[in-house]
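Undergrad: Sequence:
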Amino acid sequence: MKEIIKHKFSYLLFFLLLVSCFASAYGQERTITLNLSKVPLNTALKEVERQTSMSVVYNTNDVDINRIVSIKVTKESLNNVMNQLFRGVNVSFSIVDNHIVLSAKSNKEDQQKKTPIMASGTVTDSKGEPLIGVSILVKGTSNGTITDMDGNFKIQAAKGDVLEVSYIGYASQAITLANAQPLKVTLGEDTQVLDEVVVTALGIKRATKALSYNVQEVKGDELTAVKDANFMNSLSGKVAGVQINSGATGAGGATRVVMRGMKSLTKDNNALYVIDGVPIFNTGKSGGEGLFGEMGGSDAVADLNPDDIASISMMTGPSAAALYGSAAANGVVLITTKKGQTEKTTITVSNSTTFSKAYIMPDMQNRYGTSSGLFSWGELTNRRYNPSDFFETGSNVINSVALSTGNTKNQTYLSASTTNSGGILPNNSYNRYNFTARNTTHFLNDKLTLDIGAQYIVQNNKNMVSQGQYYNPLPSLYLFPRGDNFDEIRLYERYNTNYGYMEQYWPYGDASLSLQNPYWIQNRINRTSNKKRYMMNASLKWQATDWLNVVGRVNLDNSDYRNKNEKSASTLTTFCGVSGGFEDAMRQERSLYADFLANIDKTFGDFHLTANVGASIYHTSMDQLYIAGDLVIPNFFQINNINFSANYKPDPTGYEDEIQSIFASAELSWKNQLYLTVTGRNDWDSKLAFSKQKSFFYPSVGLSALLSEMVKLPEVISYAKIRGSYTVVASSFDRFLTNPGYEYNSQTHNWANPTVYPMDNMKPEKTKSWEVGLNLKFWGNRFNLDATYYRSNTLNQTFKVDIPSSSGYKQAIVQAGNVQNQGIELALGFSDKWAGFGWSSNATFTLNRNKVKRLASGSVNPVTGEAIQMDEMNVGWLGKENVAPRVILTEGGSMTDIYVYNQLTKDNNGNIKVDQNGNLGITSSNTPVKVGNLDADFNLGWTNHFTYKGIDLGVVLSARVGGLAYSATQGILDYYGVSETSATARDNGGIPINNGKVNAQKYYQTIGTGEGGYGRYYLYSATNVRLQELSLNYTLPKRWFKNVANVTLGVVGRNLWMIYCKAPFDPELSASTSSNYYMNVDYFMQPSLRNFGFNVKVQF
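Numbering-wise (the working numbering), the sequence shown opens with residue 32 and increments by one.
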C-alpha cells in the first residue's frame, strides 16, 4: 500500500508540474468581485490589489483613505470598479505598468493655459542607485510613465504642473515643474509602515497589529550576513526569549534551541521547526551525556540552504503555535522560503569563505616536565609542547546561485548551493549540496493558485567530535607528558612485520580514559555519515469567492542514511578486537504531511472576520538496520567480514507514528482597533493506542487592542498596542508506554520480558500558558518597544516508580508533577537616517525563572495503591559518578539545580585538615549540598547596523549573565600536572591553606581525579560577554557595471572577541543539544571557534 501511495504521489507531482508550466502562459482580463458595505476606502483598495495583483499608489494629501464607501459588483472590469469608488470625488486614476495611480483632478482650463514642456530626470535611492519602475504621474491627470533600467524618465507636461513620484517601500514626492531642466530625484525609504504582516501558524499571514502573542521576525538577509553551515547559529543574540547553543561538533553540528525555558522533565525541550507551514522531522545526532556519551553530529534543520530563506518567525510561546499541535508546546521556528518575483528577473551568485581557529581552550603549561608515565609533575624542562599546534585552520566555503523570475501569472525560483567545511581537527569534514526548485502559478482567472516545490540534499560528514572519552583525540592530546617528544607521536603508526599491517604507536596506555594516539583516532578510526534527503511539496489554492478560499497541501520528506565506524587493527581493545572492528547502520526516515484548510475573510460593517477550519495528517517513521562486530581479516571493513562467532551486535530499531487532527481558528476585529482570536485543535495520536484516552483537545484565546487608534495619545507615541492570550497545548507521552513489548539485549542476543508495568489510563502532558504584552512605537516610528510577560505550567509529567517484583515488573508509570516557567521578553529598537547615514539597532533582554512546583509526592502507586513520597528526583551526574556535581530536582527548586557531595576534610575548628606529611583528604557526605543551578539569570543581545553610501557595518554583541559551569577537563589537567594553574602554584611554592602552604601536587591530586575534578572546586560562573558577529560590506556603485549588476564585497567575523568569561571553556557550547540537564559542562569538549572571512555577492 505504501508503495502505491508513493507512486501515485510522484505522478501527482508530475501532473501538477505540467499544469503549472502550461498555465504560466494563460491569462484573462482582470475582473473584480466586491461586496463591501460601509468600509474605509483603504479596505476596498486592498481588496482590489489582492484580486488584480496590482499595487495602488497615491499621495495621502490627495486621497482620503478613511472615507466610508459601499460597493457591490460581480466580475466587473477594473475601470468600472474604480469609477464607482471615486464617483463624485475629486480623484482620478490611471494604469501605469502594474500600478493603479490615484491623484487629485486638476482644472482643465488652467491646464490649457500652461506652457508645454518635456519633463525628464533620474530617480535614485539614498545610495545613489537608480530605481527601476518608479511611477511618474502628472497630478490631476491620467498622464504617467515609469522609470527605465537606468532610473531615467521622460513625460510630456507643462510649467507649473506637479509631478507625483511614487514607489512601493519609499516615501512619495511631489515636484512642481518650473522649467525643462532635467530633475534629480532621490527617494528615501518609507518609515511609516502601517499594516505590517508576519507569517504565523500554518503559514497564514496576519497583520502584526492583530496578534495577541509575541512573534519576532528575522529577515533572510540577517541569516546570510555572516553565514554558518547551520543557519540557526546566526540567530544567537538576535531574538528575545530564545536560548540558542551551538553544538560542540563544529561546522554543520546540531543546535540547541529552547524557548521560554525547559518545560518537560523527560521529553526533548527543543523548539519545533516548520517550513512554509509544514512541520519537519528534525532528527540527527545531538551528542551524548557524560564520560561515554556518543559523539554529536548534524541535524535535519542544518540541511537547509540559508540563501533560500526569506524570513524566520520565532514564535516563542505556545499561544503562537497552538494550531501546530502537540509538537509546538516548546515554541516554533517558522521558516518561510523564497518564491519567484513578479515582473522581475534576478540572478544571484554569492560566495562566503570563512576560516576557523580554536579559540577558548584550557590554559596549559609546558615548562614542567614528565615525572612518571603520563604525569607532568617533574622538574623544569627546556622541551616545549603546545597542544594547540594539533589543531588546524578550519574552513567553511559556501557557494550559492539562484534564479528568480516571473510575471503576474507565474513565478519561478531555482537555486543550487554547496557547503564545504573542514574542521579544526585533522581529517574532520562536513559537506552539503542543495538543489531547490519552486514554481507558483495562477490560472483560471486567478481562481486557482498552484505552488509546487522540491529540494534534494546530499550531505556527508566525517569524524565529528564533541566531547567525552570515546573516539576523542583531546584527552591524549592535552595530557601528553610535557617532558616527552611529541614528534614521535606524530608518526602515529608503525609497520608490524608479524601481523603484516600498520599498528598504532602509543606507548602510554589508556589510563582508564580510553587514551589512544590522537592522530590514530582521527585517521584510523573513521566515523562517517552519508545522507540523501529529498523534500517535495505541493499546494493548490482555490479562491471560491472574494471572501472564501480553500487550500490543500501535501509534503513528503524522506532521508536515507549510511553511517559507518571503521576501527583499524590495533585500536584499543575497549572498542574492538585485535583485527579491528566495524559498525554499519542503514537508516530510513520517512515523513508525510497533508492538510486541508478553508479560509474566510469577510467584512460586516465595522467588523472583520478571518477564520480558518481544517484537518491534517502527519505520518512519520524510522527504520534502522544496525550491526557491529570484530573483524576476521584485519582492516577489511565489510559486513561479511564480521566475526559472527563472537562479539557481534545486531540492533535493528524502528517505529511509526501518526497524528490525525482537526483544527479551527477565528479572528474578529472591530474597526481595525480591537481583535479577538480563538483557536481549537483536537489530535488523535498513535502513541495513545491502548490507553483509555483516544484523543486530546486544546484551545487558546487572545485579545489585542490598538490604543493609538482608540484614544488620543501624546504625539511622541505613534503606535501603541496591548495584548494578552491564554493557551492550553497538550503533547502525548512516549511511545510504547501503554503496551510495552519484549526488550532485546543486543550484547547477549536474548529477549527479556518488559520491566515497565503497562498503563491504560495515561493522559497527555499538558502546558497551560498565558502572556500579556505591550508594543509601542515612538517619534515617528524611529523607536519601538516590545514587552512580554508570560507564565506557563506543564502538568502530567511522567515518572517511574518502583513496584514489587511479585507483579512481574520492576517499575510503573505515574503522571504527576508541575513545572512552571515565567519570565520577561523585551526588545528595544531604533532606526533612522540623516544626511546619507543610517543606523538601525535592536536590543533584546530575556529573563526566565524555572521552578518545579510539584514532583510525584501525593500521587498513588498504580500497582500497590500506596501514596508516593518523592521529595527529590535524581536526574544525572555532570561527569564521573560521586565526583562531578549532580542535578537533583526538588519541589521549589529548578530543573537545573546542582548539588555536590564532597569537600576537603576539615578539623573541629572548620579549618582544612592537613596531616604531618602535608596530605589532605576528601570527605563524602550522604546529604548533598546545593551550590547553584545551570540556568542563566538573564540573556542580552544587541544588534547594530550602520549604513552610509553603500557601506554597511553590522555589529552583534551578546551576553549571558548568571548560572554555573562545570569543567571536568580542568580537574583532570590539574591532577596530571599539565594545567597552567598547577604550574603557577609550583612557581609560588604551593597552595596557601590555613596559615601555611601545601604542596601543589598533593593539593591538586586531592581535589582532582583522573576522571574529573570534585564538583565543589571546579564550578565556574557561566557569565560571558562576547562580540558575536562583525560584518563590513560595501555595495559598489551600480553604474560601474553599466547598471547591469549589484556587486557587494564584505569581510565578516563570528565569535571574534570574548570580552568577559571566567570559565576555562566556552559555556555557550553544548556537548548534547537534546539533553535536559547536560549543559554548561566540559569533559574534553572541542574548543569553540573564532571565525573570520569574506563575502562576495553579485546580483544581475
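In case anyone wonders, no lab produced these hints; they're calculated from the structure. Note that CB positions come from ideal geometry on N, CA and C, so glycine has one too. Treat each hint with caution, since some may be false.
[To be verified] Straight-line alpha carbon distances no greater than 20 Å define the calculated DMTMM-like cross-link-like pairs of lysine to aspartate or glutamate that follow:
{"hint": "1", "residue 1": "Lys725", "residue 2": "Asp682"}
{"hint": "2", "residue 1": "Lys980", "residue 2": "Asp863"}
{"hint": "3", "residue 1": "Lys298", "residue 2": "Glu325"}
{"hint": "4", "residue 1": "Lys911", "residue 2": "Asp541"}
[Claimed, not checked] Using C-beta positions, here's what the derived DEER-type ranges look like:
{"hint": "5", "residue 1": "Gly772", "residue 2": "Arg822", "range": "36 to 42 Å"}
{"hint": "6", "residue 1": "Asn529", "residue 2": "Lys595", "range": "26 to 32 Å"}
{"hint": "7", "residue 1": "Ala189", "residue 2": "Asn476", "range": "52 to 58 Å"}
{"hint": "8", "residue 1": "Leu479", "residue 2": "Phe638", "range": "26 to 32 Å"}
{"hint": "9", "residue 1": "Lys864", "residue 2": "Ala189", "range": "55 to 61 Å"}
{"hint": "10", "residue 1": "Phe1131", "residue 2": "Tyr539", "range": "28 to 34 Å"}
{"hint": "11", "residue 1": "Phe1131", "residue 2": "Lys595", "range": "40 to 46 Å"}
{"hint": "12", "residue 1": "Asn561", "residue 2": "Phe667", "range": "15 to 21 Å"}
{"hint": "13", "residue 1": "Glu107", "residue 2": "Tyr686", "range": "30 to 36 Å"}
{"hint": "14", "residue 1": "Gln619", "residue 2": "Ser1052", "range": "41 to 47 Å"}
{"hint": "15", "residue 1": "Phe667", "residue 2": "Ile1024", "range": "42 to 48 Å"}
Undergrad: Taking the hints in turn, state whether each one holds.
TA: Going through the hints against the structure:
A hinted pair counts as satisfied when its Cα atoms are at most 20 Å apart, and Lys725 with Asp682 does not qualify at roughly 32 Å. Taking the CA atoms of Lys980 and Asp863, the gap is near 15 Å; set against the 20 Å cutoff, the hint holds. With a C-alpha separation of about 19 Å, the suggested pair Lys298 and Glu325 falls inside the 20 Å cut-off, and the hint holds. About 17 Å separates the Cα atoms of Lys911 and Asp541, which keeps this hinted pair within 20 Å; it holds.
Take Gly772 and Arg822: their Cβ atoms lie about 39 Å apart, and the range 36 to 42 Å holds. Taken as a hint, the range 26 to 32 Å holds for the pair Asn529 and Lys595, whose Cβ atoms sit roughly 28 Å apart. For the pair Ala189 and Asn476, the supplied restraint of 52 to 58 Å is violated, since their beta-carbon distance comes to about 41 Å. Checking the proposed 26 to 32 Å range against Leu479 and Phe638 shows it holds: the Cβ atoms sit about 29 Å from each other.
Lys864 and Ala189 have their C-beta atoms about 34 Å apart, which leaves the hinted 55 to 61 Å range violated. Between Phe1131 and Tyr539 the beta carbons are some 59 Å apart, a value that contradicts the proposed interval 28 to 34 Å. Taken as a hint, the range 40 to 46 Å holds for the pair Phe1131 and Lys595, whose Cβ atoms sit roughly 43 Å apart. One distance hint, 15 to 21 Å for the beta-carbon pair Asn561 and Phe667, holds here, with the actual separation near 20 Å.
Between Glu107 and Tyr686 the beta carbon distance is about 56 Å. The supplied range of 30 to 36 Å is therefore violated. At roughly 45 Å, the beta-carbon separation of Gln619 and Ser1052 lies within the given 41 to 47 Å, and the hint holds. Taking the beta carbon of each, Phe667 and Ile1024 are about 58 Å apart, not inside 42 to 48 Å as hinted.
Violation of the numbered hints given earlier is confined to hints 1, 7, 9, 10, 13, 15; the remaining hints are satisfied by the structure.
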